[in-house]
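Enquirer: Next come the chains, spelled out residue by residue.
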Amino acid sequence: MATQIIMDRTGDTRHYFDAKDPQALLKAEERFKELTLVGFTAAVRTSSGEAALTRRFDPTAEETLFFPRLVGG
Amino acid sequence: MVRQLTEIGNNYLRRCHAQVVRCGQAFRDWFQELRSPLVSQTRGVKLLREWLSPEQLTQYDATGYFHVIGSESGKRYRICHGTAMNIYEIDLAGNPRNGLCFVPNAPLVAGDVMLAQKIALETDERGALVVAKKFSPSASAFANTALARQRVNRIG
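Here the protein sequences line up with chains A and B, keeping their order. For the first sequence, the working numbering gives the first residue as 15, with consecutive numbering after it. For the second sequence, the working numbering gives the first residue as 802, with consecutive numbering after it.
Check the hints yourself; a few may be wrong.
As the list claims (entries may be wrong) - No more than 20 Å apart at the CA atoms, straight line, and that leaves these computed lysine to any residue pairs for SDA-like:
hint, chain 1, residue 1, chain 2, residue 2
1, A, LYS34, A, GLU77
2, B, LYS847, A, HIS29
3, B, LYS847, A, GLU64
4, B, LYS847, A, ARG28
5, B, LYS847, A, ALA65
6, B, LYS847, A, GLY87
7, B, LYS847, A, ASP22
8, B, LYS876, A, ALA65
9, B, LYS847, A, ALA16
10, B, LYS847, A, THR24
11, B, LYS935, B, GLU890
12, B, LYS847, A, ILE20
13, B, LYS847, A, GLU76
14, B, LYS847, A, THR17
15, A, LYS47, B, ALA907
16, B, LYS876, A, GLU64
17, B, LYS847, A, THR27
18, B, LYS934, A, ARG83
19, B, LYS934, A, VAL85
20, B, LYS847, A, GLY63
21, B, LYS935, A, ARG83
22, A, LYS47, A, GLN37
23, B, LYS847, A, ARG23
24, B, LYS934, A, GLY87
25, B, LYS847, A, ARG59
26, B, LYS934, A, GLY86
27, B, LYS935, A, GLY87
28, B, LYS847, A, TYR30
29, B, LYS876, A, ALA66
30, A, LYS47, B, ASN906
31, B, LYS935, A, GLY86
32, A, LYS41, A, MET15
33, B, LYS847, A, VAL58
34, B, LYS935, A, VAL85
35, B, LYS935, B, ILE891
As the list claims (entries may be wrong) - Heads up, incomplete: computed chain A residues facing chain B, CB under 8 Å, no partners named:
hint, residue
36, ARG23
37, GLY63
38, LEU67
39, PRO73
40, VAL85
Quick caveat, the hints were computed from the structure, so don't treat them as lab data. Glycine included, each C-beta is placed from N, C-alpha and C at the ideal position.
Okay, chain A solo, but in the shape it has when bound:
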């Protein structure tokens, strides 16, 4: 199961989907676009375990993390 993790005030909200299911994949891609459009940054983990930013939906990503835009505190 692939996962999209969205940071929020509850800690996070997770959306699990089957990456082999075209419908689920389409929905996940739409979610990706909606979130990045409103300013969320998407990150995935590389095979070596490091984080990498991604601007395009990656259908092969096991886990995609979304965090809100960063601002000076």
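Using the hints provided, position chain B relative to the given structure of chain A.
Expert: Okay, now just chain B, sitting in the frame of chain A:
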């Protein structure tokens, strides 16, 4: 007569039952509200721990902070447990040079904030520094890792 009394009794019991259900629901809501901040904090720290490297995780568990390397400059930063004014650029000797403050523009728990800061510095250091506000690091805040350690322990 008996039928009427039975009906009155049944109505009374139904009202009592509804009242008990309402009270139970109110209690559940109150209890949920009471524990939800702790649940959120715990979830945030769990997510952070999942994304830290093994070295960072060991350091965080031991001290309440972890170090990251800036993606462009190679500088070392210390991210302490917290939600603001919790990042320090550190020199080779481990002393604080600058305090940096940048945070997600939504109310998030500490674990989430620290994870967003870590990813930003490790993948887009320049972008993070553009938005960051600098502050003078006080020696006491920088050195006071015991407090951070306590916070991490409390969250679990």
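Enquirer: Tell me, which hint numbers fail for this structure?
Expert: 6, 39
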